[in-house]
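Throw the hints in and build the complete structure from the sequences for me.
Residue numbers (full-length UniProt numbering), protein chains in the order written: chain C, 1 to 432; chain W, 1 to 432.
Source of the hints: derived by calculation from the structure; they are not laboratory data.
Since we're looking at a predicted model, the values are computed, not measured.
Heads up, none of these hints are tricks.
For lysine-lysine, the following DSS-like pairs were computed, each having C-alpha atoms within a straight-line distance of at most 27 Å:
1) W:K279 x C:K395
2) W:K182 x W:K270
3) C:K62 x W:K324
4) C:K62 x W:K11
5) W:K215 x W:K162
6) C:K286 x C:K270
7) W:K182 x W:K279
8) W:K11 x C:K11
There are 2 protein chains.
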Amino acid sequence: MNSSEFRRRGKEMVDYVANYMEGIESRQVYPDVEPGYLRPLIPAAAPQEPDTFEDIISDVEKIIMPGVTHWHSPYFFAYFPTASSYPAMLADMLCGAIGCIGFSWAASPACTELESVMMDWLGKMLELPEAFLAGNTGKGGGVIQGSASEATLVALLAARTKVTRRLQAASPELTPGAIMEKLVAYTSDQVVATLGTTSCCSFDNLLEVGPLCNKEDMWLHIDAAYAGSAFICPEFRHLLNGVEFADSFNFNPHKWLLVNFDCSAMWVKKRTDLTGAFKLDPVYLKHSHEDSGLITDYRHWQLPLGRRFRSLKMWFVFRMYGVKGLQAYIRKHVQLSHEFESLVRQDPRFEICAQVILGLVCFRLKGSNKLNEALLQRINSAKKIHLVPCHLRDKFVLRFAICSRTVESAHVRLAWEHITELAAAVLSAERE
Amino acid sequence: MNSSEFRRRGKEMVDYVANYMEGIESRQVYPDVEPGYLRPLIPAAAPQEPDTFEDIISDVEKIIMPGVTHWHSPYFFAYFPTASSYPAMLADMLCGAIGCIGFSWAASPACTELESVMMDWLGKMLELPEAFLAGNTGKGGGVIQGSASEATLVALLAARTKVTRRLQAASPELTPGAIMEKLVAYTSDQVVATLGTTSCCSFDNLLEVGPLCNKEDMWLHIDAAYAGSAFICPEFRHLLNGVEFADSFNFNPHKWLLVNFDCSAMWVKKRTDLTGAFKLDPVYLKHSHEDSGLITDYRHWQLPLGRRFRSLKMWFVFRMYGVKGLQAYIRKHVQLSHEFESLVRQDPRFEICAQVILGLVCFRLKGSNKLNEALLQRINSAKKIHLVPCHLRDKFVLRFAICSRTVESAHVRLAWEHITELAAAVLSAERE
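Spelled out as structure tokens, the structure:
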């Protein structure tokens, strides 16, 4: 495909994407397909000769779309949101074209430098302590990881390297195995210090945990994968109080801040804690500015060597929404979750199972787990809306997460109406 | 931005991308900027109110492009290629719009199923042993990882889990620390069994290493990050002989197979080796087909939970090039590297430092390392072409890697002419 064909096909794809987003509400949110549906629909091996673009795009509707769970449908209330916005999609097109691999400053200076500055922008939006910002001369700074799991693993490995070196220096007679056995990682039942757990969006008290970790010289990593985006609103910022005690902090703009996957934001107070653990310096990656102390080589901050120009997405989204636009987006979602909460509270057959703080409502029918399992089963079989459950203190609970960028009050009300109809059916089936 | 503005801006971006690719040859391949160039050019914090798209796109030319190393310029001969093709870009646009997170089959069945089938397509192109394919009932199969580092880490952790369980079962009295100390990972001086090392594209002999690993019940992971793409050509397939002894194998279509980053292909013979090590089953990720044995939940095959619909890129690229088109692309690059090799061999001042097998030529001026360092310094200061060095047995060597999709014989000849001119200057400076 040459560039003039790309001009044509690219514009067709832009229209396909816009049509998809505009019409997503009319697609069934959860697909009808059964496991193994796709394999018989396509050839067993790649074609020897090229297929046409027309063939492929028609197969997208015929083969792919019937098997898609539409995460951006306003009737999708499952898991947590995953970000989707037009500015991020535009930036991703540019990112794909530049196609640089930013493992070192020299590999594409703009890729590294925009990332440092965007992480500072975002840190300032969250009012992170100065120590986490890179600025011109800071010892800390931010990096984009692929996922919160990756950020947690990076923090864990950095912490392990740091404490292992400390123990080795203090007790040179210890074998590596003996040191290993001395290492302890404390986690809650939802893992590491978490702000906004997946099950019910609960919050650890950092003002209790933080000083303790500092006193015991323990690495404190805070994961706010979903909730972190809300901290750009002053009224939610208090949930982050205590972050000043942390060594590392991360959350996912690719969840709730309109920056398409993947973009997991991670900050550390001491960049040398990361670069000390991951430094990798073969000669083919060396460059003339390496030892100037002026530059950041992000390959030392992460597990993979390769990395895309992901900060472009942040730049486009932050600029095209503005901080106020992003705050308005968060507030709309929180308001919708409270609207759903109040609908649930008005119905005496139901109960709310956890405090509604951000965009997640945990609720259930008063009664047995079996009853609630039956309700969820009916909901997800009807496929008008999509939810997933969680367990809270042995109770089977339904999670209603405000997810889509385009979800409105009307969708939430329709969803609730639908749920109550199915609940009535489940309750009457139980009485029979 | 609503969808009608996206239709307009998206099409402008398609043109921007096509213009960039068409005009890339006239941009200086390596930028002039100094560390810290970008921060003063943009505000210290995100704007409160939205900026316009016009402002942003004009800043791309003013602020971003001056700091970009143009990896897809036909004068870029550094590192290894990173893939770039229009079909992959089109697929990425669609991937961004669907925006599903495919951690389980249910989270988007098409995302999981297309990936399994595409990995089979690619496995067949490479003539991988049947045991690595998923098919309908296979015990093995493929998964897309983000990078070769991630694939290697996944293999390492799976191997560690497997051998740890074996040791625990055989000697229940051993402490975890004692077991740790018994574990050994063997690597070459370029790490794990490697086909096509980064420094000089050398190959380990799998027919020697493989049977030994099998006899000693050791996990064999083979990394062919760059070279793997070449194995779709029958004339290079012999380099992969011995893969039948491996437990896991990976290479990066995002390097040399026209599938834009990220797409690192990994296969295992026993999928239970991965799922045994990484299985993660909170109730909010459970779905009704979970225990049917029919489905693949890719979250058990990788470190992160989230994953994009990356197989769309493979599908678009494989179909729009066809196997023959992909083979022709590989062959063109190999032919260009041999063309450069023969230019070097015709000049008695130079020597070739490693056998040229695929798209990499390692060469140097006969003489001291200092001389060659001076030559490289001149080349990269002139910024007409871009190269990086390596060390081979204490010799400082220049790497000439065929990288760009659009590089032709004329670019290679111009590059060589330029190198010989600078070499003459370096040699005459030395004589003075």
